[in-house]
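Protein chains: 4
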Amino acid sequence: MSRTPPPRRDAFPAFVPMQTRWNDNDEYGHLNNATYLELFDTAITYWQMDNGIEVRGPDAWRFVVVENGCTYFREVGFPDRLSAGLRITRLGSSSYRIEVALFREGEEEAASLGYFVNVLTDAEARPTPMPEDLKARFAPLVVD
Amino acid sequence: MSRTPPPRRDAFPAFVPMQTRWNDNDEYGHLNNATYLELFDTAITYWQMDNGIEVRGPDAWRFVVVENGCTYFREVGFPDRLSAGLRITRLGSSSYRIEVALFREGEEEAASLGYFVNVLTDAEARPTPMPEDLKARFAPLVVD
Amino acid sequence: MSRTPPPRRDAFPAFVPMQTRWNDNDEYGHLNNATYLELFDTAITYWQMDNGIEVRGPDAWRFVVVENGCTYFREVGFPDRLSAGLRITRLGSSSYRIEVALFREGEEEAASLGYFVNVLTDAEARPTPMPEDLKARFAPLVVD
Amino acid sequence: MSRTPPPRRDAFPAFVPMQTRWNDNDEYGHLNNATYLELFDTAITYWQMDNGIEVRGPDAWRFVVVENGCTYFREVGFPDRLSAGLRITRLGSSSYRIEVALFREGEEEAASLGYFVNVLTDAEARPTPMPEDLKARFAPLVVD
Numbered sequence: 006m007s008r009t010p011p012p013r014r015d016a017f018p019a020f021v022p023m024q025t026r027w028n029d030n031d032e033y034g035h036l037n038n039a040t041y042l043e044l045f046d047t048a049i050t051y052w053q054m055d056n057g058i059e060v061r062g063p064d065a066w067r068f069v070v071v072e073n074g075c076t077y078f079r080e081v082g083f084p085d086r087l088s089a090g091l092r093i094t095r096l097g098s099s100s101y102r103i104e105v106a107l108f109r110e111g112e113e114e115a116a117s118l119g120y121f122v123n124v125l126t127d128a129e130a131r132p133t134p135m136p137e138d139l140k141a142r143f144a145p146l147v148v149d
Numbered sequence: 006m007s008r009t010p011p012p013r014r015d016a017f018p019a020f021v022p023m024q025t026r027w028n029d030n031d032e033y034g035h036l037n038n039a040t041y042l043e044l045f046d047t048a049i050t051y052w053q054m055d056n057g058i059e060v061r062g063p064d065a066w067r068f069v070v071v072e073n074g075c076t077y078f079r080e081v082g083f084p085d086r087l088s089a090g091l092r093i094t095r096l097g098s099s100s101y102r103i104e105v106a107l108f109r110e111g112e113e114e115a116a117s118l119g120y121f122v123n124v125l126t127d128a129e130a131r132p133t134p135m136p137e138d139l140k141a142r143f144a145p146l147v148v149d
Numbered sequence: 006m007s008r009t010p011p012p013r014r015d016a017f018p019a020f021v022p023m024q025t026r027w028n029d030n031d032e033y034g035h036l037n038n039a040t041y042l043e044l045f046d047t048a049i050t051y052w053q054m055d056n057g058i059e060v061r062g063p064d065a066w067r068f069v070v071v072e073n074g075c076t077y078f079r080e081v082g083f084p085d086r087l088s089a090g091l092r093i094t095r096l097g098s099s100s101y102r103i104e105v106a107l108f109r110e111g112e113e114e115a116a117s118l119g120y121f122v123n124v125l126t127d128a129e130a131r132p133t134p135m136p137e138d139l140k141a142r143f144a145p146l147v148v149d
Numbered sequence: 006m007s008r009t010p011p012p013r014r015d016a017f018p019a020f021v022p023m024q025t026r027w028n029d030n031d032e033y034g035h036l037n038n039a040t041y042l043e044l045f046d047t048a049i050t051y052w053q054m055d056n057g058i059e060v061r062g063p064d065a066w067r068f069v070v071v072e073n074g075c076t077y078f079r080e081v082g083f084p085d086r087l088s089a090g091l092r093i094t095r096l097g098s099s100s101y102r103i104e105v106a107l108f109r110e111g112e113e114e115a116a117s118l119g120y121f122v123n124v125l126t127d128a129e130a131r132p133t134p135m136p137e138d139l140k141a142r143f144a145p146l147v148v149d
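Residue numbers (the numbering used here), protein chains in the order written: chain F, 6 to 149; chain Y, 6 to 149; chain E, 6 to 149; chain D, 6 to 149.
Hints are computed from structural coordinates only; laboratory data are not their basis.
Keep in mind that a hint or two might mislead.
[Said to hold, decoys possible] A few chain D residues facing chain Y, derived, Cβ under 10 Å:
no. : residue
1   : F45
2   : G74
3   : F121
4   : A130
Predicted model, so just to flag it, every value in this text is computed and none were measured.
Backbone N, C-alpha and C define an ideal beta-carbon position, used for all residues, glycine too.
Based on the provided sequences and hints, a complete structural model is requested.
The following block contains the structure:
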């Protein structure tokens, strides 16, 4: 298989530190696949809350994940202290594609690269355009 | 240490089958402690929903856990198919104590015994008496 | 966005029943993304164990996930009783692509479709060809 | 009910910072009970590893949890940044009782107080005395 090489830290405009937990490791002694998604979700949410994008409570923007995935380059596991790099590779009208890479301390190459395609929905769960001021808040993460 | 012996199946008036998951096992190859609480919570909730006690949605009874705990008698783990035995050992005015035991297939003695002290709360999160018809719904679980 | 339509039950040769848990739902009241991977992993592992493919213990085949992903068609959540459909869409020399779809009770169309690309590795964590008798065990899942 | 009042920070000799995750909150919008145990376990393990008590790998000390529990004083939830206070209230021959309290940022009183009774076991899973140098490593956590 030819695969995309792991991205490097300088390809991500923002980072969130991530703590691992004892039970994140499964019987094989490394991070279970599901744990990656817990970390990705958490990193994105912390960044959104720190950047004025409300995702909790009655006034929250309601984004729905329509697709996600992850490529694994090398194993990580508890007690690794990780860093999640964030970037948006497509900021569309009502949806965007955000990528999250996990880096181990002292490593320049990502251990894994995940992505989410998120769609803004209205009260009837239909896709709805993102207002310009919401898109502006995502701008710091957008890369070419 | 002298410890309470493990209870047997005939000490529980109701049972809920429980499926384990690959990632329930931690690095030691057996169920992580936190997983037990996931299973206990789930067993109690399934029983409540099957017995007309609404715990989800706008009309839900809101019980708050003030205390819980577990005694472990023997290890269990994925891929065990488990059975959760339920019993209420104290049904008070606004609170009750419910116990959940996990049994492995073919075993009469519990592998673990957990308990929860739950308090019914009102809209201001204060303890409030359980109405008689709610208490009646719990009656099938009450043991001496 | 144009998306692949959800697959139907008759597109999967095998099924595993899946129990949801109270805490599988996140604050939005439906299954958290990470939970899907817990279920996918568990369904695949149960099938493998039921079909003579050892994945635990000292004699286990050691498959490494190099890539996975999921498309979400409609929301599911606790207390749904789900069914996981399994199929292999590519059975290569040292790797295979397995797809897992989650179906709600009484529904013919999948609520979500996940996939994993798994590679068999040797003791030095290098890709290694699957022996013919191992490939034969996967045969019942292979679809065109 | 009369209950033990929540302990304060100055009752704990050591602390470990704890990150919460988006999916730690359940449908009620606060930390699920099982998550507390994930955090307790993780705090204890980080402290042990930082203090020369090996709990992973072939040379690990193998402690078995025989009993645990938690008292909940007030709700916490994602995105709280928490601090876990640790103390040992009984250091016996082959077992010890360790308590873990969770504190929210800026609060002096614990939001919850958990405990674990851990027993050192030998290769046959029987209780075995802790050597003096192992007990000495736990000493910094022991309180009256």
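Here's how the hints hold up against the structure:
1. Annotation: F45 of chain D was flagged as interfacial toward chain Y, and the flag holds, the nearest CB pair being 8 Å apart, inside 10 Å.
2. For the restraint placing G74 of chain D at the interface with chain Y, the shortest Cβ-Cβ distance is roughly 3 Å, inside the 10 Å limit, so the hint holds.
3. A cut of 10 Å between beta carbons decides the hint on F121 of chain D: the least distance to chain Y is about 8 Å, and the hint holds.
4. This hint holds: A130 of chain D has a C-beta 9 Å from the nearest C-beta of chain Y, less than the 10 Å allowed.
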